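2 protein chains.
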Amino acid sequence: MLGNFSYCNPTKLYFGEGAVKYLNDELPKYGKNVVLIYGGGSIKKNGIYDEVVKILGENGKNVAEIAGVMPNPTLEKLYEGMQIARAAKADFLLAVGGGSVCDYAKALSVSVHCEQDPWEKYYLRFEEPSCETLPVGCVLTMVGTGSEMNAGAVITNHKAKLKIGHVFADEKIMPRFSVLDPKYTLTLPHYQMVAGIYDIFNHICEQYFSGEDDNTSDYIAEGLMRSLIHSSRIANKDMQDYEARSNIMWTATWALNTLISRGKSTDWEVHMLGQAVGAHTDATHGMTLAAVSSAYYRHIMPYGLKKFARFAQNVWGVDPSGKTERETAEAGLAAMEDWMKELGLVMRISELGVKEDMIEGIADSTLIMEGGYKVLDRAEVVEILKESM
Amino acid sequence: MLGNFSYCNPTKLYFGEGAVKYLNDELPKYGKNVVLIYGGGSIKKNGIYDEVVKILGENGKNVAEIAGVMPNPTLEKLYEGMQIARAAKADFLLAVGGGSVCDYAKALSVSVHCEQDPWEKYYLRFEEPSCETLPVGCVLTMVGTGSEMNAGAVITNHKAKLKIGHVFADEKIMPRFSVLDPKYTLTLPHYQMVAGIYDIFNHICEQYFSGEDDNTSDYIAEGLMRSLIHSSRIANKDMQDYEARSNIMWTATWALNTLISRGKSTDWEVHMLGQAVGAHTDATHGMTLAAVSSAYYRHIMPYGLKKFARFAQNVWGVDPSGKTERETAEAGLAAMEDWMKELGLVMRISELGVKEDMIEGIADSTLIMEGGYKVLDRAEVVEILKESM
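So the sequence lines, in the order shown, correspond to chains A and B.
For the first sequence, the numbering used here begins at 18 and goes up steadily by one.
For the second sequence, the numbering used here begins at 18 and goes up steadily by one.
Chain A extracted, bound-state conformation:
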């Protein structure tokens, strides 16, 4: 059943090689004071920083910088950025980087003029902004999170051992525009590329594995998964294959810009487990998802058997003839695991630094959500984490 919903996603996307030139069309729409936000400095090595700074200069902008946004952006870093943006009287936030940098820019957008503590307001009470928010633009250099076309922002609070994402309700929080140049992603190390690919795949799964109906969203999700599996195998053999990388980039955007969740309930439980692992290990996001997925999906499969059997057939091409529904479903998960291993994904949380004595703490950090095939209890969370070791 396609439930009632609204949909609005006004982010303008400029896709393709050389698309950064469209900054010249977009920047004049915003005020003079721009805060340029980026990560560890790889954009200084590959020339993207110079290119963007040149365009900002040609458009007469005053530029302040927030550098060093880390892969799992922290609350402390958010507080630091709020000071910088306030001092610069920021009119516009330009994120140049991957999902973490985009997420950070959106978290900053709702925090700069916020008089309350943003962690408490947005991440503990899940409130919407009651202050002015700043427009955000993105130049994407890594693929996976879909942050370039949604209103989500994940922040990590190391003191509280919590990594929490808030998807804001107002489409104004979505980037006003994003530049998607697949060439920018070609220099990424293999580990980051495949982690991003699994992040994309899991975004689709998180929205696909709920409901027993014949929702159009699930058919679109299957198309996206098939495209991703196809292109990931090409990119895994040849990381420089522009066509494969461009299709992966485009799939990532549509995997998490709200389209495929329309009319559905979702629980995002793999992300809850993965984010808890991330909060305790600071491991790469996509790898934390990969490392808990196998145990999680095998655990919930009996509660959504029909959908897992459909997944096996429509996504992995499993032939159901001569198989029980359960055997078909299991063959689908086996095919998924084979593909994950083929890509070189991390399949065990122990490989990400989790020790036996951390399991209880990670379980404490795991939010338990409703909306999927099975609402986990704490004992099941511990069991899945142990299975993932």
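No wet-lab data here; the hints were simulated from the structure.
It is possible that part of the hints are untrue.
Intra- or inter-copy, both count: the list cannot distinguish identical chains.
[Claimed, not checked] Simulated pairs of lysine to any residue, SDA-like, Cα-Cα distance not exceeding 25 Å: (1) 323 to 145; (2) 29 to 149; (3) 106 to 315; (4) 46 to 26; (5) 281 to 259; (6) 358 to 400; (7) 38 to 282; (8) 71 to 23; (9) 254 to 229; (10) 200 to 23; (11) 200 to 75; (12) 200 to 22; (13) 138 to 91.
These figures come from a predicted structure and were not determined experimentally.
Using the hints, position chain B against chain A.
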């Protein structure tokens, strides 16, 4: 190869039973003078007119009306509407109806303040508006055209025997919002329902049948086609099945809101043929497409054999084992034709009123486009039309 492109679709959609109430959120954003646009008056019988007029009143709007917009809106009707909208000093155009009414509202949006002749400017010279345009909102009561979330507007000039669509470049021409209530579509006659379903299917085909690559857009297109085939079979048996009708409605929107053409060239040649038939017969749009499709696709199949074989397998579940690529491709088209007959679509243009002596005239009205697997010559157009008799 996913070519360079931009994407922006800011239309806000309110989907589901009772969604018309969201007019109360949208109307206050626009000026006081609203022109209400509708078709033959069925909305007066089913209560939608009263509901909308009541909400307009509660929002303090001055309402002028353009009634009687016909299934293939004419240039004369456009001229008439321009006078009404100018006299009313229109601030906002509210279309309540199907694709023709939405198309008409968009054509009106770019014409009210246009000092040149809109036919010559937009439909012969394909120029973009150089005047102020009026914002448009839609309440959709028929499904098929996708007009509720795109910038396209088809107008028929009977004197010139031309039916031409213009997809405007500026996303401002897209409806600002659209209300999609599947309940509104339940009263439609079977003929209109299945014509709409084929219109949707053909929109997807028009964008799918080009290119030899592994573009993500084609995978999304396959998902949409599979969803549509599935739901259309349910709706064909039980027109009151809300779930099937709602999935059809949602598929229609995504079939033609630019998403699945991103990075691709397209020729829209079935629409060129069908629109020429429509200009000479005034037949229902979806039926004109259905009646030329079989001959057209069998004609171009050899030029895009690989894609037609993929279509057979991924959309229709044809098993390729023991078949040549051509046999697989043919089995796919046969499956499509079986489905069309199952729905009760018109398979011959002779059934739409075309006589042998009209063929040359229809060929004259058929625009020949580039971007697909085969650029037709005039003799091929005649041949396809004769095959379709």
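Query - Enumerated hints in conflict with the structure, sorted upward - result: Of the numbered hints, 1 and 3 do not hold.
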